[in-house]
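Visitor: Keeping their order, the protein sequence lines are chains A and B.
Heads up: the first sequence runs through residues 1 to 700, numbered per the numbering used here.
Heads up: the second sequence runs through residues 1 to 210, numbered per the numbering used here.
These are calculated hints, taken from the structure and not from any lab test.
There could be a bad hint or two in this list.
Unchecked claim - Derived DSS-like pairs (lysine-lysine); straight-line CA-CA distance at most 25 Å:
(1) A:Lys-134 x B:Lys-2
(2) B:Lys-13 x A:Lys-134
(3) B:Lys-13 x B:Lys-47
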Amino acid sequence: MSRLTGTPFPYRGGGGGEKMTGPERAGEAEENSESVGMLPMEHLHLEHVLQTVCVLESVVLRSFGPEGGQVLFTRDTGQAMLSRSGTRILTALRLEHPLARMVVECVLKHSTVTGDGSKTFILLLASLLRMIQKTACKEPNVSHTYNSRETAEASTARHLADKMLAFALEELDDIIAMGVVPYGCCLSWEDFTAKTQLPTCPINHCVQKLLASFFHSRLGRTHCDFISNLTCEMLTHWKFKSDLPSSLLQFVNDNFSALHTPVSGFPISCSRLIEGQVIHRDFATPCPQADHQPVKAVVVTGCLQPKLLSAGEVLVLGSGEQGREENSRKESSIVQFTAWAERSLECVIAKLQSLGVSVLLSAVKQSAAVLALAAQADMCIVECVSEDELSLFAQLSGATPVSDCWMIEPEHVAALTFCRPILLGAHRYVHVAFHDSEERITVKPCSLVICGPGEGQTDQYACAFQDAIRMLLSTWEPIDITATTASKKTLQPNKSTCLHVDNQIVKASPFQQCVLEPGCVIPAGGTFEFLLNHALLQHGSSCSISDDTIMGAPAVSQLFANALLSVPRNIYFYSLRRFLQTQTRLLSFIQNHSHPFSHVYKQEHNTIVVQGRGKSECPLEEGKLINHCCGETDVSSQVFMSDSGLESVSCKYQLLVAVLQCVSSLLHVDTVLHTHTALHTPSRRLADISWEGTEDEAED
Amino acid sequence: MKVIQARRERQDKISKLMGDYLLKGYKMLGECCDVCGTILLQDKQKKNYCVSCQELDSDVDKDNPALNAQAALSQVRERQLAAQSTAPSQAPEMNEGPSSSQASVSVPLPRPEHCEGAAAGGRALLPPPAVPSPSPPAPTPTLAPTRPPVIPQTAGLQPVLQEAEEAILTKLRWATNQLQSSASLESSIQLCSLIASCANSLRSLKELSQ
Numbered sequence: 001m002s003r004l005t006g007t008p009f010p011y012r013g014g015g016g017g018e019k020m021t022g023p024e025r026a027g028e029a030e031e032n033s034e035s036v037g038m039l040p041m042e043h044l045h046l047e048h049v050l051q052t053v054c055v056l057e058s059v060v061l062r063s064f065g066p067e068g069g070q071v072l073f074t075r076d077t078g079q080a081m082l083s084r085s086g087t088r089i090l091t092a093l094r095l096e097h098p099l100a101r102m103v104v105e106c107v108l109k110h111s112t113v114t115g116d117g118s119k120t121f122i123l124l125l126a127s128l129l130r131m132i133q134k135t136a137c138k139e140p141n142v143s144h145t146y147n148s149r150e151t152a153e154a155s156t157a158r159h160l161a162d163k164m165l166a167f168a169l170e171e172l173d174d175i176i177a178m179g180v181v182p183y184g185c186c187l188s189w190e191d192f193t194a195k196t197q198l199p200t201c202p203i204n205h206c207v208q209k210l211l212a213s214f215f216h217s218r219l220g221r222t223h224c225d226f227i228s229n230l231t232c233e234m235l236t237h238w239k240f241k242s243d244l245p246s247s248l249l250q251f252v253n254d255n256f257s258a259l260h261t262p263v264s265g266f267p268i269s270c271s272r273l274i275e276g277q278v279i280h281r282d283f284a285t286p287c288p289q290a291d292h293q294p295v296k297a298v299v300v301t302g303c304l305q306p307k308l309l310s311a312g313e314v315l316v317l318g319s320g321e322q323g324r325e326e327n328s329r330k331e332s333s334i335v336q337f338t339a340w341a342e343r344s345l346e347c348v349i350a351k352l353q354s355l356g357v358s359v360l361l362s363a364v365k366q367s368a369a370v371l372a373l374a375a376q377a378d379m380c381i382v383e384c385v386s387e388d389e390l391s392l393f394a395q396l397s398g399a400t401p402v403s404d405c406w407m408i409e410p411e412h413v414a415a416l417t418f419c420r421p422i423l424l425g426a427h428r429y430v431h432v433a434f435h436d437s438e439e440r441i442t443v444k445p446c447s448l449v450i451c452g453p454g455e456g457q458t459d460q461y462a463c464a465f466q467d468a469i470r471m472l473l474s475t476w477e478p479i480d481i482t483a484t485t486a487s488k489k490t491l492q493p494n495k496s497t498c499l500h501v502d503n504q505i506v507k508a509s510p511f512q513q514c515v516l517e518p519g520c521v522i523p524a525g526g527t528f529e530f531l532l533n534h535a536l537l538q539h540g541s542s543c544s545i546s547d548d549t550i551m552g553a554p555a556v557s558q559l560f561a562n563a564l565l566s567v568p569r570n571i572y573f574y575s576l577r578r579f580l581q582t583q584t585r586l587l588s589f590i591q592n593h594s595h596p597f598s599h600v601y602k603q604e605h606n607t608i609v610v611q612g613r614g615k616s617e618c619p620l621e622e623g624k625l626i627n628h629c630c631g632e633t634d635v636s637s638q639v640f641m642s643d644s645g646l647e648s649v650s651c652k653y654q655l656l657v658a659v660l661q662c663v664s665s666l667l668h669v670d671t672v673l674h675t676h677t678a679l680h681t682p683s684r685r686l687a688d689i690s691w692e693g694t695e696d697e698a699e700d
Numbered sequence: 001m002k003v004i005q006a007r008r009e010r011q012d013k014i015s016k017l018m019g020d021y022l023l024k025g026y027k028m029l030g031e032c033c034d035v036c037g038t039i040l041l042q043d044k045q046k047k048n049y050c051v052s053c054q055e056l057d058s059d060v061d062k063d064n065p066a067l068n069a070q071a072a073l074s075q076v077r078e079r080q081l082a083a084q085s086t087a088p089s090q091a092p093e094m095n096e097g098p099s100s101s102q103a104s105v106s107v108p109l110p111r112p113e114h115c116e117g118a119a120a121g122g123r124a125l126l127p128p129p130a131v132p133s134p135s136p137p138a139p140t141p142t143l144a145p146t147r148p149p150v151i152p153q154t155a156g157l158q159p160v161l162q163e164a165e166e167a168i169l170t171k172l173r174w175a176t177n178q179l180q181s182s183a184s185l186e187s188s189i190q191l192c193s194l195i196a197s198c199a200n201s202l203r204s205l206k207e208l209s210q
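Kindly produce the complete structure, drawing on both the sequences and the hints.
Guide: Dropping the structure here:
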């Protein structure tokens, strides 16, 4: 009895189930197997799975690649939006089929990690399933006895998928490291933009180029350079000199909602960086013109004035002294209590005034008395600030939020350069800038203003920004390695520059000193798939030929290799000739330069290439040859002659592993049980699809 | 091999059509069609729609001799080869076969007809009263009525034509009613194309009866 285990895929589906009298299923699919007999079941076959995924593939196919088109979304209200983003297209489809929803969930989860590759995911998924079905239909595993041909096919397919997943988890990163990485290069975190590079390099190959190709495929070629420059500028401002790229990118990713302001109604070229932080609320009391610096601010998380009578509370009134006679009755009324509460509030405000505080940032709504007293004391209050923004403010200013208003100490006071209203689009926000402190002297906090023509477009641009950050994060993050491979390799996460290849390698060959290093990129346009295809075929042929069945390692790698080629085929869908040209060029290149570390070539054009230790470049455009030189000479500059853009190797690797996991989960489902009740509350992501309880259960 | 290829092409066509419909706003249901096993779609008027049954040729009916004259012919030819008996006993059978199938045809299939070249075209168009489906956006190209092959069988032809005419008129009336009350642009376009194809088929029926 195999269950869907270990996969982060919720597979609750929606859709009209039939009315049934069986017990209601509440909970995970792993329970309640005894009630199976009463539920209407539907057996899934390989064709169903394939058809579902092929339908999704045909939906995303036309927007795939740099030459892909855009999808126009219209609403009944007349709003229209153009988009090319795979996640947006897939979430806009109305899907009630449980498998389709499962696939879309996988894509969304993958996209929250790497930020890119949702259409490639579907394409690879479809082509893998096709290959598996073709192989399974040809030779079903005859060693077991099965009821029907379909069951035999299904079980063969399942085994194939499991084998491929195991292969990917164990050997794929080695193959990538040996077969693909030598043809790419490592981006250094220091080389942000072209300006930081040495003048000997004619073409910039840097983080900005990587971002430009990402934005090109996401937003079109008109604005990709502008936006990638903006992103680089923002990251430069936030760079902590002593830190890793991954911690900076993680910080920006986590706080992105507080670090950007969407403004609709302006062209995108009006997007800019603003110094400091923008708090997305307006002042509740008029802001006094404070000319003196620094402006002091305090973050308050609760109400300054204690609430008198909330539901469920009992207020016991009594006088302070025990044993008073008739006077006590007069003094212990509610009026005295409210007067006391307001007096205490005055004390709090006086304390704040004594500390010189003039701005109060509050997480909740303050009462009218607080507002009045604060206005009298020349303090301005900003109410209902979101938690993310408050925590970012606290982090940047170094002041802790006040939890108990009776104890306000100097450590709660933040020093700001200014705090004033700012008009962005149709809204007025609060703009603060932080005083330079010693710890933060290298960081200039800045906030991003993203402009777009309409609300939908602006939202798209903001999502594209965040996905770019996620993509960079997964490029520079050390690869998630399993326990078995952890012993083989050591990563050095403390180096912020490009890693040298001093790591211990499995096969200690002098040529194969490559690991899947952080920051590794490769030219875009299908190069990764071609190279990996070639490497997999070689690996398959070099494996032992004793295992000749379809489950053997050579067959598995061949299947995988053939499935990979569907990606470049669809990139060049407009011209088969282009596809074949690129393929032959790459293959001939690989054959000529099979040992990238042992040859030195003369340059053909007037371009200078200096090769660093353990790296090689391959320009793959228009027949320019690469120049390698291997050796121990330290590199001072690197050149990457490619006009087709860059893409990140680790994102691709994660994509492949995620696709194989999805394939394996899909093929392990073989029964659909229709239930009547809703199993889960509606997910916020798929908000327009109602969850009406169709459920999958894996049974063998 | 050709069968596999044809089937794969058909599946590709089905996927492409379904993808188009999904992008138009149709909903993909969790149920499959009873006839062909394709995933059902549901449009905004909550009507279920099966792409392969209602748009593409059926894969299976091509080979069913009761519905397809060519299949009947090939079946008879096979029997001839197998039995190796003389032709005369088979010839009237051959001529009877397709026409008898036409005279007794009463298959309520919402499928477009196709003229099949030399052999008599196949199936009468009887719009289904039970299956709720708006006309497919790809309108039926030609609706040829039943045509007797070589032997004129006018006696058996008239009732069939009349039935066909009645059915088309009913459908025309229904479509007109729907058009009057329709609020959506898509369905209006589809209904207009249905009316146009009904008119075409009426015209061809009238030509035939002359």
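Visitor: Tell me, in ascending order, the numbers of any earlier hints that this structure violates.
Guide: none
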